[in-house]
Amino acid sequence: MSQLSHFFQLPLRVFCFYKDGFRRMKVGKTLWLIIGLKLFIMFAVLRLFFFPDFLGTNFSTDQQRADYVAEQITGTAQE
Amino acid sequence: MEIDLASVNWAQAQFALTALYHWLFVPITLGLSFLCAFFESIYVKTGSKEWKRLTHFWMTLFGINFAIGVATGIILEFEFGTNWSTYSWMMGDIFGAPLAIEGIAAFFLEATFFAVMFFGWNRVSKGFHLFATWMVAIGSSLSALWILVANGWMQNPVGMRFNPDTVRFEMENFFAVISNPVAISKFTHTTTSSFVVGACFVISISCWYLLRKKHVRMAKRSIAVAATFGFIAAIATAVTGDESGYDVAVYQPMKLAAVEGLYDGHEGQAIVAFGILNPDKKPGVEGPEFTYEIAIPKGLSFLATRTLNGFVPGINDLVYGNPEHNVMGAVEKIEKGKLAVAALKDLKAAAKEGDDAAKAEALTRFEANSDYMGWGYMKDPVDAVPSVPTAFYSFHYMVYVGSFIIFAMFLFLIFSRRGSMDRHVWLQLLGLLCFPLMYAASELGWVVAEVGRQPWVMQGRLLTDVAATKIDAGHVQATFFIFLVLFTALAIAEVSIMIKQINLGPEAE
Chain H
1 MSQLSHFFQL PLRVFCFYKD GFRRMKVGKT LWLIIGLKLF IMFAVLRLFF
51 FPDFLGTNFS TDQQRADYVA EQITGTAQE
Chain D
1001 MEIDLASVNW AQAQFALTAL YHWLFVPITL GLSFLCAFFE SIYVKTGSKE
1051 WKRLTHFWMT LFGINFAIGV ATGIILEFEF GTNWSTYSWM MGDIFGAPLA
1101 IEGIAAFFLE ATFFAVMFFG WNRVSKGFHL FATWMVAIGS SLSALWILVA
1151 NGWMQNPVGM RFNPDTVRFE MENFFAVISN PVAISKFTHT TTSSFVVGAC
1201 FVISISCWYL LRKKHVRMAK RSIAVAATFG FIAAIATAVT GDESGYDVAV
1251 YQPMKLAAVE GLYDGHEGQA IVAFGILNPD KKPGVEGPEF TYEIAIPKGL
1301 SFLATRTLNG FVPGINDLVY GNPEHNVMGA VEKIEKGKLA VAALKDLKAA
1351 AKEGDDAAKA EALTRFEANS DYMGWGYMKD PVDAVPSVPT AFYSFHYMVY
1401 VGSFIIFAMF LFLIFSRRGS MDRHVWLQLL GLLCFPLMYA ASELGWVVAE
1451 VGRQPWVMQG RLLTDVAATK IDAGHVQATF FIFLVLFTAL AIAEVSIMIK
1501 QINLGPEAE
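Residue numbers (our numbering), protein chains in the order written: chain H, 1 to 79; chain D, 1001 to 1509.
Hints are computed from structural coordinates only; laboratory data are not their basis. Incorrect hints may have been included.
[Unchecked claim] Derived lysine-lysine pairs resembling DSBU-like cross-links, with alpha carbons at most 30 angstroms apart: (1) H:K26 to D:K1500; (2) H:K29 to D:K1470; (3) H:K38 to D:K1470; (4) H:K29 to H:K19; (5) H:K19 to D:K1126; (6) H:K26 to D:K1220; (7) D:K1281 to D:K1336.
Using the sequences and the hints given, assemble the complete structure.
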């Protein structure tokens, strides 16, 4: 029983460490708000709607991607 | 196939904007993290409450800079997939490895100890807190190491071979990639110069306090530590800059010729200490390189060859060739490159038709010229020349400021030792100037590195134009302006939070 409580004690202490740390923040609260907003814009807006993985979304296999790139680089060459 | 230059230009502009914006935060993080570690070490050694307050103050500014800057580098990775898909496909096998290591190392090392650094005051032992602060500093520099290994590989591709079947450069020797001389000199020069940026940040803010006669004791102590660190780092920056220049001469001679405005190379080549470029001077066109110049005899030969009379090729030598000095020009490389690209085309066609004999023959032709493949895409040999004015003036600004900072740091060190920093307004004004000057030099260092290597995205192997995705220029243009608005908003947020915190100063006793 005491071993089990010891097992749970460390994660609980780590959790409390972070919880108290966040609670006591002053300027940090504003900074976390900015970080959250920035990450939301970056991943939920920009990544999703403006930055698709071009080869990932337009081709389904690596062979198709390799063929497309080969076509691009051999077709682009100076004649 | 025609390349949409508008799309490429906007993609380049977007990448430059993102990289330069990201670089606003990185040098402060690299430099200030070590200064925080020094400040806290003194606190732990002396047990003085004043050093604790001082450490806490600079750590708060470090945290603001870190928080606003965090994850701005990830945007560059978005751009790789969308705007630079050919590049990502061809280089991903090698370029992705150091970036992945950086991501994992940064997460585990920085994120873990970062929490202890900020939340752990009075909650963990002094020794463990100090250990966490040092780990954040070391972790930040290790993150930079992996990014610069990736960048160094683009400047000097080593440890790989091109696989025509997968159309990818595949890693053959990881050790060669991480011990690439360009990556090493890039890492040492970038980190030492960032330490100077961090020192200038502390000195400028401290001098502002001295000018306003606020927090005088804290400001003087901060300057004493920052000037010591900054002086050593500024000298190290000059030494690593010299080594970096030597590597550029060996692996990217066109970049060296551009930063020096050198068109016709000579033995015992002088280095231009100050010069105004002749705007009419072009490759293959007669006429002086400068309208005014002050040169140091044999200086460039010494930097580039470590001998006083070594030959340093100029732009014309590198474009048209110089058989006397065994310099192969862009003209000849383009011919070889065209043979490589034609062989690759035949190889892919033979593979499609299942003609093994034709494939083997094409492969032999390809491998004979594969080192020049990238040159096969160049329309005109003159396209091998980067923007000389941008490279030349950016480089020279960097050198002037670097030299000035050594002298300034020396003065701060001397006057700090005498304890008279608060009695000389001229010195405080000089200190105030250091940060913006050094910040601009740090940014321009990247301009030299990246504009100087154009037209290549991967030196000698892949042209920037070819590396770009064939997408609508309007799409890239739109995201450019979205970033511009986002970055401006974040920059305003950082500056206003930072100014507010500086005005508040350290916590009251």
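Practice task
Please work out if K26 (chain H) and K1500 (chain D) have their alpha carbons no farther apart than 30 angstroms.
Solution key: 13 angstroms, holds
Practice task
Assess, step by step, whether the Cα of K1281 (chain D) is no farther than 30 angstroms from the Cα of K1336 (chain D), and give holds or violated.
Solution key: 28 angstroms, holds
Exercise for the section: Compare the distance between the alpha carbons of K26 (chain H) and K1220 (chain D) with 30 angstroms, and conclude whether the hinted pair is satisfied. Expected result: Given pair K26 (chain H), K1220 (chain D) holds - Cα atoms ~27 angstroms apart, limit 30 angstroms.
Handout entry: Agreement of K19 (chain H) and K1126 (chain D) with the hint, judged by alpha carbon distance not exceeding 30 angstroms
Key = 21 angstroms, holds
Practice task
Compare the distance between the alpha carbons of K38 (chain H) and K1470 (chain D) with 30 angstroms, and conclude whether the hinted pair is satisfied.
Solution key: 29 angstroms, holds
Problem - 30 angstroms limit on alpha-carbon distance, applied to hinted pair K29 (chain H) and K19 (chain H) - result: 13 angstroms, holds
Practice task
Below or equal to 30 angstroms on CA atoms is what counts here, so check K29 (chain H) against K1470 (chain D).
Solution key: Distance ~43 angstroms between K29 (chain H) and K1470 (chain D) Cα, so the pair is violated.
Hint compliance for this structure: hint 2 is the single one not met.
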